Structure formats: C-alpha cells, structure tokens
Amino acid sequence: MIGAVVRELWQSLRDALEALGSYAFFAGRLLAGTPRALLRFGLVTAQIHNAGALSLVIIMLSGLFVGMVLGLLGYDLLERFGSEESLGMAAALGLVKELGPVVTALLFAGRAGTALASELGLMRATDQLAAMEMMAVDPVRRVVIPRFLGGIISMPLLAAIFSLIGLFGAQLVGVQLTGVDAGQFWSQMRGAVEIDDVMEGVIKSGVFGVACSLVAVYEGYHSAPTAEGVGRATTRTVVISSVLVLLLDYMLTAIML
Amino acid sequence: MRQSRAILLGTGLFVLLGFAALFFMTTQITNREFGLGDAGYRVTAMFDQVGGLKPGAPVSMSGVTIGRVESIAYDFTEYRARVTLRINGEYDKIPEDSDAGILTAGLLGGQYVGIGPGSAETFLADGAQIEFTQSAIVLENLISKFLFSKAAEKPEATQESAP
Chain A
1 MIGAVVRELW QSLRDALEAL GSYAFFAGRL LAGTPRALLR FGLVTAQIHN AGALSLVIIM
61 LSGLFVGMVL GLLGYDLLER FGSEESLGMA AALGLVKELG PVVTALLFAG RAGTALASEL
121 GLMRATDQLA AMEMMAVDPV RRVVIPRFLG GIISMPLLAA IFSLIGLFGA QLVGVQLTGV
181 DAGQFWSQMR GAVEIDDVME GVIKSGVFGV ACSLVAVYEG YHSAPTAEGV GRATTRTVVI
241 SSVLVLLLDY MLTAIML
Chain B
258 MRQSRAILLG TGLFVLLGFA ALFFMTTQIT NREFGLGDAG YRVTAMFDQV GGLKPGAPVS
318 MSGVTIGRVE SIAYDFTEYR ARVTLRINGE YDKIPEDSDA GILTAGLLGG QYVGIGPGSA
378 ETFLADGAQI EFTQSAIVLE NLISKFLFSK AAEKPEATQE SAP
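Residue numbers (our numbering), protein chains in the order written: chain A, 1 to 257; chain B, 258 to 420.
These are calculated hints, taken from the structure and not from any lab test. These numbers were taken from a predicted model, which means no experiment stands behind them. A virtual CB, placed ideally from N, CA and C, is assigned to each residue, including glycine. Don't take each hint at face value.
[Claimed, not checked] Residues of chain B placed beyond 12 Å of chain A at every Cβ, according to the derived structure:
| hint | residue |
| --- | --- |
| 1 | I264 |
| 2 | L265 |
| 3 | F281 |
| 4 | T283 |
| 5 | A296 |
| 6 | L310 |
| 7 | K311 |
| 8 | S317 |
| 9 | F333 |
| 10 | E335 |
| 11 | D356 |
| 12 | G358 |
| 13 | G375 |
| 14 | S376 |
| 15 | E388 |
| 16 | A408 |
[To be verified] If you only want the chain B side, here are some residues facing chain A, beta carbon under 8 Å, derived:
| hint | residue |
| --- | --- |
| 17 | G267 |
| 18 | T268 |
| 19 | A278 |
| 20 | L279 |
| 21 | M282 |
| 22 | A314 |
| 23 | R325 |
| 24 | A362 |
| 25 | F405 |
| 26 | A409 |
Generate the whole structure from the sequences, applying the supplied hints.
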C-alpha cells in the first residue's frame with residue numbers, strides 16, 4: 001500500500017524532472033541556432049508581426065482599462081488620507097514596475113502563446129515538420145527559432161506600450177474625471193519614478209518574453225500529432241506560462257527590490 | 258522570403274510605437290511642461306526652506322491656480338533657495354508687495370506656493386522678485402519647538418497645580 005504510493009510519487013517526480021530536462025535541452029537547441037537565425041531576419045520580422053503587432057489592440061485596450069481602474073481605486077484610497085496628489089506616483093510605479101510587465105505577459109500567453117503553440121502543433125499533426133526534415137531543412141531552425149525570437153523581441157515593446165497607455169488611462173480618470181491637479185499628478189510622478197524603475201520593468205518583461213515564448217514553442221513542437229494533442233498543447237501553454245510568469249515575477253521583484 | 262508591404266508596415270509601426278513608449282517613459286516621466294508653454298511671465302522668490310516643493314507644483318491665490326513652479330535652484334550669493342514661478346498672463350494684477358508662502362495641501366498632500374495679495378498700486382512684472390516670503394514648515398522643527406516649550410513650562414505648571 002505505502003510502497004505503491006511511494007512508487008507513484010517517485011514516478012511523477014521522475015516525469016517532472018524529465019520534462020524539465022527536456023525543456024532545458026530544447027532551450028539549448030534554440031540558443032545554439034539563434035545567431036544563424038538572426039542572419040535571416042526576414043523570418044523573425046514576420047513573427048514580430050504575428051506576436052507583437054497583432055497583439056497591439058488587445059494590449060492597448062487592456063492597458064487603458066487597467067490604468068483607469070488604477071486611477072479610480074487609487075483616488076478612492078488616497079483621498080481618505082487627503083493625499084490624492086500622490087495618485088500619479090502610485091499609478092506610475094504600479095504600472096511601470098509590476099502591472100505592465102505581468103499583465104502584458106499574461107495577455108501575451110493568451111493571445112500570442114496559444115497561436116504559436118497551436119500553429120506548431122498543427123504543423124506537427126499535418127506532418128509539415130516531418131516534410132521539412134525530409135527536404136533536409138531543420139524545422140527548429142526554419143520554423144521554431146524565428147517564432148521564439150519574435151516573441152522575445154515583442155514582449156518588452158508591448159509592456160512599454162501597455163504601461164504608457166495605462167498611465168494615460170490613470171491620468172484620464174484621475175485628472176479629468178476626479179479632479180486631481182494635473183501638475184501635481186505629473187510632478188509627484190516625476191519625483192518618485194526613477195530610471196531604475198523603468199529598467200526594472202524592461203528587464204522583467206524581457207525575462208517573461210523568454211519564458212512565454214519558450215513554453216509556447218516547446219509545447220507546440222512536442223504536442224501529440226492529433227486534434228486532441230494540439231488542444232492540450234494550447235491549454236498547457238496558457239497554464240504553464242501564467243504560473244511561470246507569476247513565479248518569476250516574485251523572484252525578480254525580490255532580487256531587484 | 259517575400260513579405261507583403263502591409264506586414265512590414267505593421268511591424269515597423271509596432272516597433273516604432275514600442276520604442277517611442279520606452280523613450281517617453283525614460284524621459285518624459287522625469288521632465289514635462291504643463292501646457293502653460295511660454296505664455297505668462299516669470300517671478301522669483303527667495304525661501305529659507307522649500308521643503309518638498311517640486312517644479313510643476315501649482316501657484317495659487319485664494320485657492321485659484323494662477324501658475325506653476327518653473328524651477329528651484331540654490332542661490333550662493335544669498336544662501337537661500339531661489340524659486341522661479343511662472344504666472345499665467347491673464348493674472349497680471351498682483352500687487353508688488355504681495356507675499357509668497359510654501360503651503361501643504363492636506364496633511365500628506367503635495368506642497369504648493371500660495372500668494373497673498375498686498376496693497377501696492379504697482380503690479381509684479383516679468384523678472385520681478387517677491388520680497389516677503391514664508392518658508393515651508395518642517396515638521397521636525399515644529400515638533401522640537403513644541404517639545405522644548407513644553408519642557409520649559411512644565412515646572413511652572415506643576416507649581417501652580419500643587420497648592
């Protein structure tokens with residue numbers, strides 16, 4: 001009885017370690033092929049378009065509303081202490097350091113990560129990847145790496161756009177609707193936000209970009225070649241990316257605090 | 258690989274927008290004008306203590322915002338802080354002997370410059386200096402003053418209450 005439970009646990013631990021090793025091996029393969037993929041930048045550009053430019057609308061819309069909520073909640077809270085002028089500072093620090101990178105990464109996993117995973121999974125299911133191998137074209141180099149790089153390049157840019165739009169959303173609610181003084185809003189923000197804070201957001205979104213893109217291409221590339229397999233790969237992409245982003249976020253915040 | 262020009266255009270636009278956002282965040286969050294532009298006129302005032310006053314803070318008379326703090330610098334000839342105020346052009350009838358004080362909005366709020374009108378017939382013009390100023394209140398000084406005065410009057414108070 002106990003022996004069976006222990007064996008079960010041991011088995012799942014081994015499975016988890018095996019998956020981790022497989023991830024590391026795949027990441028190494030991607031990194032090894034990156035310099036040569038950068039030479040054919042046209043492929044990467046197309047993927048920046050897919051992952052970044054096409055995600056722009058959802059990122060901007062979400063950024064606007066997150067910023068507006070931040071402005072409303074921040075005003076309600078700060079007004080109790082009679083310091084609603086600090087709204088700009090609170091909104092800017094919250095967006096640039098934390099909400100911008102994290103919410104962008106979660107949206108990216110949902111919008112671009114799933115697209116990547118299902119595309120690669122369908123290529124696997126319809127034997128397109130096998131066909132490339134037959135023609136002596138390495139599918140990792142030709143298909144996977146450009147998608148990986150496109151995601152990494154897109155993420156910090158998307159996060160910056162998200163933070164900026166959010167800031168204007170907060171300004172819209174805080175200054176235009178609830179009546180915080182515009183000069184106080186910006187000058188308190190200016191006093192509190194430093195270049196390090198902006199850099200922290202950029203570093204975070206860069207790391208999230210690597211994590212989300214890696215999970216998406218790994219799950220898509222290794223999906224079972226069936227309709228069900230593609231569906232499962234897409235689901236796993238969202239679940240693993242989201243948990244990984246929040247986990248990494250805690251660690252990065254603790255390191256850079 | 259051939260790519261349609263629409264895709265290239267979209268990608269270029271996205272990358273441009275991203276870098277513009279980054280550029281804006283790294284520069285404009287730390288430096289911004291407030292719509293007053295070059296309009297209005299400048300007035301300076303010397304303060305012993307500016308406290309937490311920052312450029313961009315409002316200048317107000319009786320609670321009406323009439324301008325902004327443009328810059329704060331230290332003057333080594335007078336050994337005081339020189340605050341440059343930019344006043345909106347439509348408020349050009351501020352008496353010359355008006356006083357300026359650094360006040361706080363609310364208990365924890367931001368600081369601003371409040372101007373109280375004097376009674377002179379001539380008005381402040383571009384480049385004029387406000388002579389009468391009241392510095393920002395530093396809470397520590399206030400508390401220590403209060404404590405010292407409390408300590409000084411204590412023996413007296415106990416004597417009075419004893420009989």
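Hint check results:
Non-interface call for B:I264 relative to chain A: violated, since the shortest CB-CB distance, roughly 5 Å, does not exceed 12 Å. Residue placement check: B:L265 does not keep its beta carbon more than 12 Å from all beta carbons of chain A (closest about 7 Å). Some Cβ of chain A comes within 12 Å of the Cβ of B:F281; the nearest lies about 6 Å off, and the non-interface call is violated. With a closest Cβ-Cβ approach of about 5 Å to chain A, B:T283 is found to fall inside the 12 Å limit, against its non-interface label.
With a minimum CB-CB distance of about 15 Å to chain A, B:A296 clears the 12 Å threshold, and the non-interface call stands. Annotated as non-interface, B:L310 brings its C-beta within 12 Å of a C-beta of chain A; the closest such distance is 9 Å. Against chain A, the non-interface label of B:K311 is violated: not every CB pair exceeds 12 Å, the least being about 5 Å. At roughly 10 Å from the closest C-beta of chain A, the C-beta of B:S317 falls inside 12 Å, breaking its exclusion from the interface.
For B:F333, the condition that its CB be more than 12 Å from all CB atoms of chain A holds, with the nearest at approximately 24 Å. With a cut of 12 Å on Cβ distances, B:E335 stays outside the contact zone with chain A, its closest approach being about 25 Å. Residue placement check: B:D356 keeps its beta carbon more than 12 Å from all beta carbons of chain A (closest about 22 Å). Every C-beta of chain A lies more than 12 Å from that of B:G358, the closest at about 17 Å, which supports listing it as non-interface.
At roughly 25 Å, the least C-beta separation between B:G375 and chain A is larger than 12 Å, which holds for a residue marked as non-interface. The beta carbon of B:S376 is kept farther than 12 Å from every beta carbon of chain A, the shortest such distance being approximately 29 Å. Annotated as non-interface, B:E388 keeps its C-beta farther than 12 Å from every C-beta of chain A; the closest such distance is 25 Å. Distance to chain A confirms B:A408 as a non-interface residue, since its nearest Cβ pair spans about 31 Å, more than 12 Å.
A least Cβ separation of about 4 Å between B:G267 and chain A falls short of the 8 Å threshold, and the interface hint therefore holds. Hint status for B:T268 relative to chain A: holds, with the closest Cβ pair at about 4 Å, below 8 Å. At a threshold of 8 Å, the smallest CB-CB gap from B:A278 to chain A is about 4 Å, leaving the interface hint in force. Checking B:L279 against chain A by beta carbon gives a least distance of about 4 Å; that is within 8 Å, so the hint holds.
Checking B:M282 against chain A: minimum C-beta separation of about 5 Å stays under 8 Å; hint holds. Of the supplied interface hints, the one on B:A314 holds, with its beta-carbon coming within about 6 Å of a beta-carbon of chain A, less than 8 Å. Interface restraint check for B:R325: the shortest CB-CB distance to chain A comes to about 6 Å, inside 8 Å, so the restraint holds. Interface restraint check for B:A362: the shortest CB-CB distance to chain A comes to about 7 Å, inside 8 Å, so the restraint holds.
Residue-level restraint check for B:F405 is violated (minimum Cβ-Cβ distance to chain A is 29 Å; threshold 8 Å). This hint is violated: B:A409 has a C-beta 33 Å from the nearest C-beta of chain A, more than the 8 Å allowed.
When each numbered hint is compared with the structure, violations occur for hints 1, 2, 3, 4, 6, 7, 8, 25, 26.
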